[in-house]
Structure formats: structure tokens, C-alpha cells
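Visitor: What follows is the residue order along each chain.
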Amino acid sequence: MMTAIQAIGLTKKYGAKTAVNALDLSVGQGELFALLGVNGAGKTTTIKMLTCLTRPTSGDAILLGESVVSRPDAVKAKTNVSPQETAVAPNLSVTENLELIAGIYGSDKKAARRKADQMLSAFGLTEQAMDRAKTLSGGMQRRLSIAMALISDPQILFLDEPTLGLDVLARRELWAAIEELKGRVTIVLTTHYMEEAQALSDRIGIMAKGELRAIGTAAELLSKTGARTLEDAFVSLATEPGARI
Amino acid sequence: MRLLVFASRNRKELLRDPLNLAFGVGFPVVLLLLLSAIQANIPVSLFKIARLAPGIAVFGLSFISLFSGTLIAKDRTTSFLMRLFATPLTASDFILGYALPLLPMALAQSAICFIVSFFLGLPVNANVLLALVVLIPTAVLFISIGLLAGTVFSDKQVGAICGALLTNVAAWLSGTWFDLSLVGGAFKTIAYLLPFAHAVDATRAAIAGDYASILPHLWWVGGYAVAVACIAIVVFKRKMSSDSM
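Top to bottom, those sequences are chains A and B. In this text, residue positions in the first sequence follow the numbering used here: the first is -6, and each later residue adds one. In this text, residue positions in the second sequence follow the numbering used here: the first is 343, and each later residue adds one.
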């Protein structure tokens, strides 16, 4: 499998506080990689560095051959992100939101319209196409947010807590939408829902206190820790100081 | 292309907010009608339409800061701006994208103010067109104040600072509501150290056809506009590359 993301000693410090400490990570093309961790574990900071939203204090990450430190514009052209909060333009319609992002990534009006129609269909938003984004339910807004991240045809997609705050049905619907993308797009997904990581991802990385404590498939993590459930494995890795496998 | 797509989004967001239209167009027109009614019953030279209309036009423009500041601050606090920072949009795309849609809005707002003033007795002549040109630096000043406030403060803080403080300062220190000479002393000195009274005096001179008196006042406004615009651009760029956007 070709490498899509290669992080080498990726570190972010805010003053004396180290948010992410010397992260080494490799994600293959087409892989769905989940970063699991409690609040403050460093997941969002990692995503911010990989999407060029914040500059690493030290280290680097190479995304499809481009460095986030020296070639952020090239990285941005190949990636897209759906942030933790539902980031949509409230007074624009669903279609206009999609066309906006397509246009920013260089599509002309006609192409943007065509891509927007494809996304509306793929994400079950056709009925809401002309509705203003602020009138959508939380689940629908989250779907729109992910569709906006996909409309630029990114080679790497970052989903930061995509199902946070959604009810069970909306979460399951979104899972199905994410499942559809598997294999076609490299996806890095952050979450603190164990079942989400287990259900969706090819591999899971467990972060705690800014460090990557463990990495592997769900079965590998269970086997290595001797835990019965992923939650048990996570708790033992996230809470024991210095635990690392 | 990217810039125009982003500017178009901002234009739609601004025009689709009914509060913007109510405050931007409705409120100044109501004030114009009200003060003209007072003038009809109790003649006050200050409220003669040729002196009142320029003052209300400048006062109306002060709401532009509120509109632009609120839009930017909301984009920041909802993570929409974070999403856009992960796209290929550049710093100049952002700054111009926010500022450009506001300039025609500001001119339209001033034009409506003068059109209503025609019905209240303002002579219809080329001097009104000159007044619209003279108001451009004032519009740039208020747009820049909004850009700066929206970059630094939350949308609630922008509401307090631009919606309450700035509009009041711009009103009281502009010489629209009372003759600054009646207060005199330090108050008048401070008023003429700030740009608002100069903006009103320059527009009044344009309406009166007193062309020689325009430039001395316009330099003050233009100077402030350039200075605040430069500060806003520097602060926005710094925020964009920092971790605290």
C-alpha cells in the first residue's frame, strides 16, 4: 500500500504545554485511520497540523509527497477537512454551500453545480437542496459539512469528531456515508467513541496526553492488551503512565 | 476566481440577514424622516436637509462596521473560517473577499439616504454624486474597523463595540446631532482629532458645492482609513498564521 501520510516527530507546543509530542505515524492510501482519545489527548491538534491550520513546533508530515511545513499550499490542494464544529455558511442554501467550496477549489460555475448535484444525491440532501443551512437538523448539517469536505475530490479527508453530538440514528446514517468512501479516499477520523472507531476504521491509533500510545487494528489492540473490549484496551493504554504498545 | 466566489458568499450572507437591512438602510432613513419632521415644526439650522443628510449618511455607514465585524467573528467562532483556512484561499483572498461586497453596499446605503433626502428638499444635482465619492474613504474606514473588530473579538463583543460604542462615538463626535462649536473646548478638539466630524464636514462641503473645503477634511478621513485598513490587514494575517483564530 502506498503511503498517504507520513508524520515524523510531529510536535506542537503551546508555551510550556506540549499538545502533541513527537508523533510518528504512517497512513496508507485508501486507508481509514481512526485517532482515538479523550478530550485534550491531542487529536484535534494533530489534525490541525496535518491540514496546515497550525504549524508544527518541530517535526514534519509528508502528505502525498508534500510537506506541511514547506509546501502547505500543495498539501491544501490535495486535502480537505470537516471540522469538529459544524462549519457551514448559515444563510446559504445547501447547494450554495457546496458550490462555494467547489468554487474555492477552482471549479467553474457549471462544474461546481454538477459536483454539488452529485454530493446532494450521495449524501441524501436532495430534498433539502434549497433550504438554508441554518434550518437543517444537527445530523443534516453534519452531513452537509462532510459533503463540503468531499466536493473538492480530496485525496485525503480529515473528519474531526464527525458524529459528535448526533443521535444514534443520525450517527448510523453518517457511518454508512463514511463507509461508502472507504478505499476511495484516505480518511483520518478522530473520535472518542470506541464503537465508531471499531466499526469504521482499518486501523486505530490511541492518543493520550499528546502521545500515540498504540496503533493497530482493533483485533491487534485487543490481543496486545489482553483486554476483552476495545474500551478496556483504550482505558488501560490511556490511563497507565508510560503505557505504549 | 476564488476571491469572487468567497466575496459572493459574503455578499449573500450580509444581504440575507434582515437585521443588516433594518439597521443599515431602515434606521438611517427613519432618523432622516424624524429629524426632518422636527425641523419642519421647530426650525433648527443644523437639521436643514443639506446639513442633515451628510451627517445621517456618515452615521449610516457606521453600521457597516457592525455588519462586517459580526460576519467575520461568527465565521471564526463557528469554525467556518477554520474550514476555509484549510482551503487554497490566501490572506488577500480573505481580506478582499470580506471587504469588497461591503463597498457597493455602503454606496447603495448612502445613495438611498440621498434619494430619500431628495423628497425632503435636497437639491438634485451633481454635487450629490460628488458626495457619494467623498464618502468612499469613510466607507473604507468603517469596513476596516469591522474587519479589525471581527478578527479580534467575538460576535457578541463586536455587537457591543461596533453596534453600541462605535455608532455612538461616531454619532456624538460627528457634529450631526449638535453643533460641535456649542460644546467647544476639549470636546471639539477631540472630535476633530477623530475622523467622524471630518467625514461629515467633507460630505457637507460636497453637497454645498464648496469644493475647496472638501480635501482638508478628506485627508483626515483617508489617513484614518489607510491606517486602520493596514492595522486590520496585519492583525488578520497574524491571526491567520497563529494558533488562536
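If you are wondering where the hints come from, they were derived from the structure by calculation, not from laboratory data. Quantities reported herein were computed from a predicted structural model and do not represent experimental measurements. One should not assume that every hint holds.
Unchecked claim - Simulated crosslink set (DSSO-like; lysine-lysine; CA at most 30 Å straight-line):
hint: 1; chain 1: B; residue 1: K416; chain 2: A; residue 2: K71
hint: 2; chain 1: A; residue 1: K71; chain 2: B; residue 2: K498
hint: 3; chain 1: A; residue 1: K6; chain 2: B; residue 2: K581
hint: 4; chain 1: B; residue 1: K581; chain 2: A; residue 2: K71
hint: 5; chain 1: A; residue 1: K103; chain 2: B; residue 2: K498
hint: 6; chain 1: A; residue 1: K127; chain 2: B; residue 2: K581
hint: 7; chain 1: A; residue 1: K10; chain 2: B; residue 2: K579
hint: 8; chain 1: B; residue 1: K579; chain 2: A; residue 2: K6
hint: 9; chain 1: B; residue 1: K530; chain 2: A; residue 2: K127
hint: 10; chain 1: B; residue 1: K530; chain 2: A; residue 2: K10
Visitor: If a hint holds in the structure, say so; if it does not, say that too.
Guide: Quick rundown of the hints versus the structure:
1. B/K416 with A/K71: holds (27 Å)
2. A/K71 with B/K498: Violated: A/K71 and B/K498 sit about 36 Å apart, past 30 Å.
3. A/K6 with B/K581: This hinted pair holds, its Cα atoms lying about 17 Å apart.
4. B/K581 with A/K71: Between B/K581 and A/K71 the Cα gap is close to 24 Å, so the pair holds against 30 Å.
5. A/K103 with B/K498: violated (38 Å)
6. A/K127 with B/K581: holds (27 Å)
7. A/K10 with B/K579: holds (25 Å)
8. B/K579 with A/K6: holds (21 Å)
9. B/K530 with A/K127: violated (46 Å)
10. B/K530 with A/K10: At roughly 51 Å apart (the allowed maximum being 30 Å), A/K10 and B/K530 break the hint.
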